[in-house]
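Trainee: Given chain U, work out where chain R should sit, using these hints.
There are 2 protein chains.
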Amino acid sequence: MVYFTPGPAQLYPTVAGHLQTALDKQIFSQSHRSQAFKDLYQRADVALRALFGLPDDYAIYFTGSATEIWERSLQSLTAQNTFHLVNGSFSKKYLDHAKWLGRNAQVAEVPFGQGFYAQDLQVPAGTELLAVTQNETSSGVCMPVTDLHTLRQAFPEPLLSVDMVSGAPYAAIDFSKIDMAFFSVQKGFGLPAGLGVWLVNERCRQKAATLEGRQYTGGHYSIAALQDQYQQFQTPCTPNVLGIYLLTHVVEDMLAKGIDVIRKETEAKAQQLYSFLEESEHFAPFVSEPAHRSPTVVVANVLDKPASEVITALKAKGLVVGSGYGAFKDKQIRIANFPAIYQEKIDILVNELGIL
Amino acid sequence: MVYFTPGPAQLYPTVAGHLQTALDKQIFSQSHRSQAFKDLYQRADVALRALFGLPDDYAIYFTGSATEIWERSLQSLTAQNTFHLVNGSFSKKYLDHAKWLGRNAQVAEVPFGQGFYAQDLQVPAGTELLAVTQNETSSGVCMPVTDLHTLRQAFPEPLLSVDMVSGAPYAAIDFSKIDMAFFSVQKGFGLPAGLGVWLVNERCRQKAATLEGRQYTGGHYSIAALQDQYQQFQTPCTPNVLGIYLLTHVVEDMLAKGIDVIRKETEAKAQQLYSFLEESEHFAPFVSEPAHRSPTVVVANVLDKPASEVITALKAKGLVVGSGYGAFKDKQIRIANFPAIYQEKIDILVNELGIL
Numbered sequence: 001m002v003y004f005t006p007g008p009a010q011l012y013p014t015v016a017g018h019l020q021t022a023l024d025k026q027i028f029s030q031s032h033r034s035q036a037f038k039d040l041y042q043r044a045d046v047a048l049r050a051l052f053g054l055p056d057d058y059a060i061y062f063t064g065s066a067t068e069i070w071e072r073s074l075q076s077l078t079a080q081n082t083f084h085l086v087n088g089s090f091s092k093k094y095l096d097h098a099k100w101l102g103r104n105a106q107v108a109e110v111p112f113g114q115g116f117y118a119q120d121l122q123v124p125a126g127t128e129l130l131a132v133t134q135n136e137t138s139s140g141v142c143m144p145v146t147d148l149h150t151l152r153q154a155f156p157e158p159l160l161s162v163d164m165v166s167g168a169p170y171a172a173i174d175f176s177k178i179d180m181a182f183f184s185v186q187k188g189f190g191l192p193a194g195l196g197v198w199l200v201n202e203r204c205r206q207k208a209a210t211l212e213g214r215q216y217t218g219g220h221y222s223i224a225a226l227q228d229q230y231q232q233f234q235t236p237c238t239p240n241v242l243g244i245y246l247l248t249h250v251v252e253d254m255l256a257k258g259i260d261v262i263r264k265e266t267e268a269k270a271q272q273l274y275s276f277l278e279e280s281e282h283f284a285p286f287v288s289e290p291a292h293r294s295p296t297v298v299v300a301n302v303l304d305k306p307a308s309e310v311i312t313a314l315k316a317k318g319l320v321v322g323s324g325y326g327a328f329k330d331k332q333i334r335i336a337n338f339p340a341i342y343q344e345k346i347d348i349l350v351n352e353l354g355i356l
Numbered sequence: 001m002v003y004f005t006p007g008p009a010q011l012y013p014t015v016a017g018h019l020q021t022a023l024d025k026q027i028f029s030q031s032h033r034s035q036a037f038k039d040l041y042q043r044a045d046v047a048l049r050a051l052f053g054l055p056d057d058y059a060i061y062f063t064g065s066a067t068e069i070w071e072r073s074l075q076s077l078t079a080q081n082t083f084h085l086v087n088g089s090f091s092k093k094y095l096d097h098a099k100w101l102g103r104n105a106q107v108a109e110v111p112f113g114q115g116f117y118a119q120d121l122q123v124p125a126g127t128e129l130l131a132v133t134q135n136e137t138s139s140g141v142c143m144p145v146t147d148l149h150t151l152r153q154a155f156p157e158p159l160l161s162v163d164m165v166s167g168a169p170y171a172a173i174d175f176s177k178i179d180m181a182f183f184s185v186q187k188g189f190g191l192p193a194g195l196g197v198w199l200v201n202e203r204c205r206q207k208a209a210t211l212e213g214r215q216y217t218g219g220h221y222s223i224a225a226l227q228d229q230y231q232q233f234q235t236p237c238t239p240n241v242l243g244i245y246l247l248t249h250v251v252e253d254m255l256a257k258g259i260d261v262i263r264k265e266t267e268a269k270a271q272q273l274y275s276f277l278e279e280s281e282h283f284a285p286f287v288s289e290p291a292h293r294s295p296t297v298v299v300a301n302v303l304d305k306p307a308s309e310v311i312t313a314l315k316a317k318g319l320v321v322g323s324g325y326g327a328f329k330d331k332q333i334r335i336a337n338f339p340a341i342y343q344e345k346i347d348i349l350v351n352e353l354g355i356l
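Respectively, the protein sequence lines represent chains U and R. Here the first sequence stands for residues 1 to 356, where the numbers follow full-length UniProt numbering. Here the second sequence stands for residues 1 to 356, where the numbers follow full-length UniProt numbering.
Here chain U stands alone, though its shape is the one from the complex (with noise of 0.2 Å):
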């Protein structure tokens, strides 16, 4: 089978090669206060600074999920203010979590399948917090980086969070124009569930500085705990070492590769799915603004059956992709185009839907 789910999706195809070495070498009994660890992380940290071209001041922790990181960024970085931009389900979680939190959460909404346009939107004074998630899992939708660089120069007081858990590797974020971002393994890096990875600048540091013992911060998932233990590649808490160990490995695939030829090949892809489901008469794109359309996770109306009947034909053919999300499960299938997607598995995808 081929897995163009968006999450958990198709593993890198490294992947099985890596977990054996690793097994061989009982990588997973080692202590994770041990050296071999803290050379494991920082191996880590080289390579994930390499893929992203992150800034020095930039620090890299581990957490169980992304799901986490919405909330421990919200603990530790702001104590009344946050504004969100919501369009679809999981943009709508980060607001959620702002809520249970107790936050004055403002948001600027637009409907499931829409973007935002950087230069129409509002921040109030005094926002702590601006989150944005980059790439809509749910719905299909990006913000083209340059709206995100946009944002920050018209809003540039609150720290800029980005979400780009199904937008990583490909998204080309300047790490210098926004604050903190993050993203889990099982999408982009093609790695099995269970690791979030923050990345997180000295601005958020300082702002979480001036929080510490006036609020609870997340206690051993604070930002102060975990750059605390950041500085020795430590973690306050065993991590998921299996998925730091496969996620350092396959990024350092991806760099040999060159992010650029990863980059190129994804909107490639992404061109020939969005041009396939345009010429389509049984398929179109839901996402009708085409600066707005995700290249990694590309979402289609289903236009004369159901969805799930498009499923389980492709499922006959060895080929899993995702259904619509929430109320679109039935009128909507969802095609992952990461990384782990070879282009001639997307020419398969193109050519049996064409014949279905």
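Bear in mind the hints are in silico, worked out from the structure with no lab data behind them. Treat the numbers as computed from the prediction; the structure is a model and nothing was measured. Mixed in with the good hints there might be a few duds.
The list makes no distinction among identical chains, and a pair is therefore deemed to hold if it is satisfied within one copy or across any two copies.
For lysine-lysine, the following DSS-like pairs were computed, each having C-alpha atoms within a straight-line distance of at most 27 Å [as the list claims (entries may be wrong)]:
| no. | residue 1 | residue 2 |
| --- | --- | --- |
| 1 | Lys315 | Lys38 |
| 2 | Lys38 | Lys329 |
| 3 | Lys207 | Lys99 |
| 4 | Lys317 | Lys177 |
| 5 | Lys25 | Lys345 |
| 6 | Lys177 | Lys38 |
| 7 | Lys345 | Lys331 |
| 8 | Lys207 | Lys264 |
| 9 | Lys329 | Lys305 |
| 10 | Lys92 | Lys38 |
| 11 | Lys92 | Lys331 |
| 12 | Lys177 | Lys92 |
| 13 | Lys305 | Lys345 |
| 14 | Lys38 | Lys331 |
| 15 | Lys305 | Lys99 |
| 16 | Lys317 | Lys38 |
| 17 | Lys329 | Lys25 |
| 18 | Lys92 | Lys315 |
| 19 | Lys345 | Lys264 |
| 20 | Lys317 | Lys345 |
| 21 | Lys345 | Lys257 |
Mentor: Showing chain R alone in chain U's frame:
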């Protein structure tokens, strides 16, 4: 190498095979919202219920770590008063979490290397949660399960929360006499780290319900949210499916062998280790009270040389033991006696310790 370290630890012998099967079946690409995942969670549930003899009213939740459960249990189950039995680094961390969360955290403390006698304890009226570390990984002190049951008889009011991180699955707790327990999988279950397991009874859920809406109970990770998802064998966020898969299969392997057999073997191996330490001129058991000597984490004083020399010499023979914890780093060694450590490995270790 054989890892006698108290977590991460020697992998259970069947882990590599299960991992290969899961890769072949592409388990880690399947959606965590699929029926296949629900079936896996249900299978984990059945297996863990059988292993621990859980009463029907218990639910089983998954988290990123046992550390997270310290925090989540306090958020969901307490508004004000907690009481902690502290006799080592890990019991102290549960207390730390309570203080960070602003609870009125009371404590009974005994020196490192000592345990508690249930009949001597006094727990203040009004205590909401009584936190007990059944097996202190740092010092090798355990609380016999009969004392746990005595505690419940003497103090029926507070919720009795049992950290059995390095005691499970050996500790034969009567779960009708406690209210919740938790562990991580990289110790007694011999799995890669990155998964916490939380066993929660109806009494906890009732208490949690009284706090919902009155305080922050953990958002996506509150008992209410976890229970809501658990009822369909789902999780609030994408879980460590690989960890859940391996746990399920290793627990089934343990059930096939028989938990009674595993407990008897554990006791026999522990007896062998402690007898050796008592008779040795170079080593001695750290825990003086025999009833408080952990069968699963055996801590030895090294009498006539730095512990690092012993550790290095053993490593040269392919045997990895843990160092002492914290201030005892160079005075002690710690030997995990988990189910993955078969009798023949203990024979080899005892022999090598004897001729050092």
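Trainee: Can you give me the call for Lys92 and Lys315, within, between, both or neither, at a CA distance of at most 27 Å?
Mentor: Result: close neither inside a copy nor across copies, 31 Å intra and 52 Å inter.
Trainee: How do Lys329 and Lys305 come out at 27 Å by Cα distance, when the copy is not named: within, between, both, or neither?
Mentor: Result: close within a single copy only, 13 Å intra versus 67 Å inter.
Trainee: Given identical chains, is Lys317 near Lys38, meaning Cα to Cα at most 27 Å, within a copy, between copies, both, or neither?
Mentor: between (44 Å within a copy, 24 Å between copies)
Trainee: Given a CA cutoff of 27 Å, do Lys92 and Lys38 count as a within-copy pair, a between-copy pair, both, or neither?
Mentor: For Lys92 and Lys38, only the inter-copy Cα distance (25 Å) is at most 27 Å; the intra-copy one is 36 Å.
Trainee: Reference check for the pair Lys315 and Lys38, CA-CA at most 27 Å: within, between, both, or neither?
Mentor: For Lys315 and Lys38, the Cα distance is within 27 Å only across copies (19 Å; inside one copy 43 Å).
Trainee: With 27 Å as the alpha-carbon cut-off, assign the pair Lys329 and Lys25 to within, between, both or neither.
Mentor: Between copies, since 25 Å is at most 27 Å while 43 Å is not.
Trainee: At most 27 Å between C-alpha atoms: does Lys305 with Lys99 qualify within a copy, between copies, both, or neither?
Mentor: neither (39 Å within a copy, 57 Å between copies)
Trainee: Can you give me the call for Lys25 and Lys345, within, between, both or neither, at a CA distance of at most 27 Å?
Mentor: between (33 Å within a copy, 19 Å between copies)
Trainee: Indicate which option fits the pair Lys305, Lys345 if close means a Cα-Cα distance not exceeding 27 Å: within, between, both or neither.
Mentor: within (24 Å within a copy, 62 Å between copies)
Trainee: Could you figure out if Lys92 and Lys331 sit no more than 27 Å apart (CA to CA) within one copy, between two copies, both or neither?
Mentor: within (21 Å within a copy, 53 Å between copies)
Trainee: Using 27 Å as the alpha-carbon threshold, which applies to Lys345 and Lys331: within, between, both, or neither?
Mentor: This pair counts as within: shortest intra-copy Cα distance 23 Å, inter-copy 58 Å.
Trainee: How would you classify Lys317 and Lys345 at a CA-CA limit of 27 Å: within, between, both, or neither?
Mentor: Only inside one copy: Lys317 and Lys345 sit 12 Å apart there, 49 Å across copies, limit 27 Å.
The earlier numbered hints that this structure contradicts are 4, 6, 8, 15 and 18.
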